[in-house]
Amino acid sequence: MDLRKRLLLLAALAAALPAIAQEKFIVVASTTSTEQSGLFGHILPAFQKKTGIQVRVVALGTGQALDLARRGDADVVFVHARSAEQKFLAEGHGVKRFPVMYNDFVLIGPKSDPAKVAGGKDILDALKKIKSASAPFVSRGDRSGTHIAELDLWTLAGIDIAKEKGPWYKDTGQGMGPALNTASAMNGYILSDRGTWISFKNRGDLVIEVEGDARLFNQYGVMLVNPEKHPNVKKDLGQAFVDWVISPEGQKAIAEYKIGGEQLFFPNANQPGA
Amino acid sequence: MSNGAILPLHLDDVSFAAGGRTIIERISLEIEAGPSTIILGANGAGKSVLMRLMHGLLAPTSGRIGWTASEQPGAPRKQALVFQRPVMLRRSAHANVAYALKVAGVGEPRRGELVREALESVGLAHLARRPARVLSGGEQQRLALARAWALHPEVLFLDEPTASLDPSATREIESVIRAFDAAGTKIVMATHNLGQARRLGDEIVFLDRGRLVERAPVDEFFSKPQSAQAAAFIKGELPWT
Amino acid sequence: MTEALTTALGLLVTLDPKLVEIVLLSLSVSLSAVGIAALLGLPLGAAIAVGRFPGRQTLIVILNALMGLPPVVVGLIVYLLLSRAGPLGSFGILFTPAAMVIAQTVLILPIIAALSRQAIEDAWREYEEQLRSLGAGRADAALTLLWDTRFSLLTTILAGFGRAAAEVGAVMIVGGNIDGVTRVMTTTIALETSKGDLPLALGLGIILIAIIVAVNAAAYLTKELAQRRYG
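Chains as they are written, first to last, in the working numbering: chain P, 3 to 276; chain X, 109 to 349; chain S, 645 to 875.
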């Protein structure tokens, strides 16, 4: 065998070794917005230091994350779409749902504010104004928690957005980052979670227009994937993660995560009804 | 050990057709040990096909070709063929000859000895380490001869070995062939070159359009050709096809 | 943009550890994939080139067509196989570098097999009579030709590596783009760009292009030098 090929084979084996080596790890299915906020980069090292368990986060949209868990390819789900999570539980894929933390959504828009919504405290009012002004509005359109929250808000505002949308409503099918890029490029309005917004660097002319409305609060829940339905689930390691994240230690780590001095996530595991 | 000599070679009413054309028509012939045999004829007469039939690269469409003793599978081959254009592997001259011996099952250290001997016999020992494919046309053909002869075959077939070479290279090849002939190897060579046939041949087998037309010792053939086609060919008047 | 570019160059020059980790993982995954694909694909190509069997022409057409397999499709297929809900799920390979190696191997195996088949078949046309005359059987001939066409085959292997290193669809799906575990150059560029965070993406993009250029230059030079030296 050619010397070069011999070396390649050795390299292949050497590269494969770390993968073959046994390591304590779990797969957590979460959402792109949570990952991109940087929260996991902050709290997971603390968990690994305490338990020696490496957490591997696969970040997808909420719908895809739950589907991944339905196939048994994740050990824990950590998403923010309560109705979808309840459905997941009802189907028997999860053991129990624990509330963990909440962050909030903010309405982002151009400085020029064509729909005149800046500074308002009522999100439903703002949405109605955007529709009447036919101002450009970017939707994630990807079955994510943020997308579901957006759709719920249109409904609460009395607008059947599926029927009443016009060319001003851009259904992009993208994650939070790309959708913000799109909004920045076309100077449009968009509903974003605060975490992604704070870390987002390509703002252009965009600013926060509306915030603080209680209807904009975004609740996160964590669930262990049901080992009875999916025998390959690492139930002990997964449960350790769930326990830690709702423990005072985990909750403290969440609260301590800040970007630009601002706290992004507000732990509320002590509110069982959340 | 019985006399495993493979000669004489018998061709019995051999024909070969391809693509709807008959290239060799009903040739019966015996190739015997001893005198060097020249297969002579114009281009398209069927010389190359006949060489390949005798060597075993092609199978006749009818008729039989047989050696007196069959070659043992796995044992070194007793007959070899040198093509008009030599095909060398991307290796040194030494390695090319060694390859042929390796395929024939010859192991070290005998293989190395045979390679050195073969290269010396064709005057290429000083180029043993050179990559074979950068050698000149004449040198490559000499290397092909060394490769064919390294196993000391009983029969050496040569299909127009100098047709692509210049006169000085041709002279070198001819002197190597003469040396092998003198060492006892049976030479069967196809050519359309009258001078070469006269220089190297002991007997002539003359082909015209796939048929064996005449066979005679060399002097007789050239002084008193028996057939009209042979006479015309010698005078240079035979049409090309 | 220029600010992002300057920051990117800064990351490169100071060998930012995150950057280095991502580059090393990418190289390790793609080199492993090309190593395995070569081990399997070169003999396969040689066997098809010198072999004669029913259905050979159809096989060649299929192999050539598979060269154009979209990486995302390969990713999907391998995901379905490795998913815990799938046939090979119990090995737990999904979302690990091993899964990425498998997906890229599947992706470039047809390229290596098809291109080596072509190169060796061309050589076979030149060598067949001579090799048969020397008494070489088909298997012997295939091995001989594999060595003799080694420079063309090296170019083929480099082509396979280039394809693997540049793709994002397959490794994204089967690797999950997990931070510190399965994040490679291409998936990181996709992620960072979507975040609007350009310096790391630009830095990795520069490296990726440099690697591709280097690989192509190596392929070209190999051919040139070999031609001159070996004929």
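No lab work stands behind these hints, which were simulated from the structure alone.
Just so you know, these numbers come straight off a predicted model, no measurement behind them.
Wrong hints could be hidden among the right ones.
In silico DSS-like cross-links for lysine-lysine, where the CA-CA straight-line distance does not exceed 30 Å [what the hints assert, rightly or not]: (1) S:Lys867 - P:Lys254; (2) P:Lys26 - P:Lys123; (3) S:Lys662 - P:Lys51; (4) P:Lys131 - P:Lys118; (5) P:Lys113 - P:Lys130; (6) P:Lys52 - S:Lys662; (7) S:Lys662 - P:Lys260; (8) P:Lys260 - P:Lys51; (9) S:Lys662 - P:Lys26; (10) S:Lys662 - P:Lys236; (11) S:Lys662 - X:Lys210; (12) P:Lys165 - P:Lys203; (13) P:Lys98 - P:Lys133; (14) P:Lys203 - S:Lys662.
Okay, the hints, checked on the actual structure:
1. Our distance criterion of 30 Å between C-alpha atoms is broken by S:Lys867 and P:Lys254, whose separation comes to about 62 Å.
2. Taking the CA atoms of P:Lys26 and P:Lys123, the gap is near 47 Å; set against the 30 Å cutoff, the hint is violated.
3. This hinted pair checks out: S:Lys662 and P:Lys51 have alpha carbons roughly 20 Å apart, not beyond 30 Å.
4. With a C-alpha separation of about 7 Å, the suggested pairing of P:Lys131 with P:Lys118 holds against the 30 Å cut-off.
5. This hinted pair checks out: P:Lys113 and P:Lys130 have alpha carbons roughly 19 Å apart, not beyond 30 Å.
6. Restraint check for P:Lys52 and S:Lys662: satisfied, since their Cα atoms lie roughly 23 Å apart, inside the 30 Å limit.
7. Simply put, S:Lys662 and P:Lys260 have alpha-carbon atoms about 21 Å apart, close enough for the 30 Å limit, and the pair holds.
8. This hinted pair checks out: P:Lys260 and P:Lys51 have alpha carbons roughly 20 Å apart, not beyond 30 Å.
9. For the given pair, S:Lys662 sits about 22 Å from P:Lys26 by alpha-carbon distance, which is consistent with the 30 Å threshold.
10. Between S:Lys662 and P:Lys236 the alpha-carbon distance is near 29 Å, which keeps this suggested pair within the 30 Å criterion.
11. A distance of roughly 53 Å separates the Cα atoms of S:Lys662 and X:Lys210; the hinted pair therefore is violated under the 30 Å criterion.
12. Taking the CA atoms of P:Lys165 and P:Lys203, the gap is about 34 Å. The hint is violated against a cut of 30 Å.
13. Only pairs whose Cα atoms come within 30 Å are accepted, and P:Lys98 paired with P:Lys133 is rejected, the gap being roughly 39 Å.
14. Restraint check for P:Lys203 and S:Lys662: satisfied, since their Cα atoms lie roughly 19 Å apart, inside the 30 Å limit.
The structure shown violates the earlier hints numbered 1, 2, 11, 12, 13.
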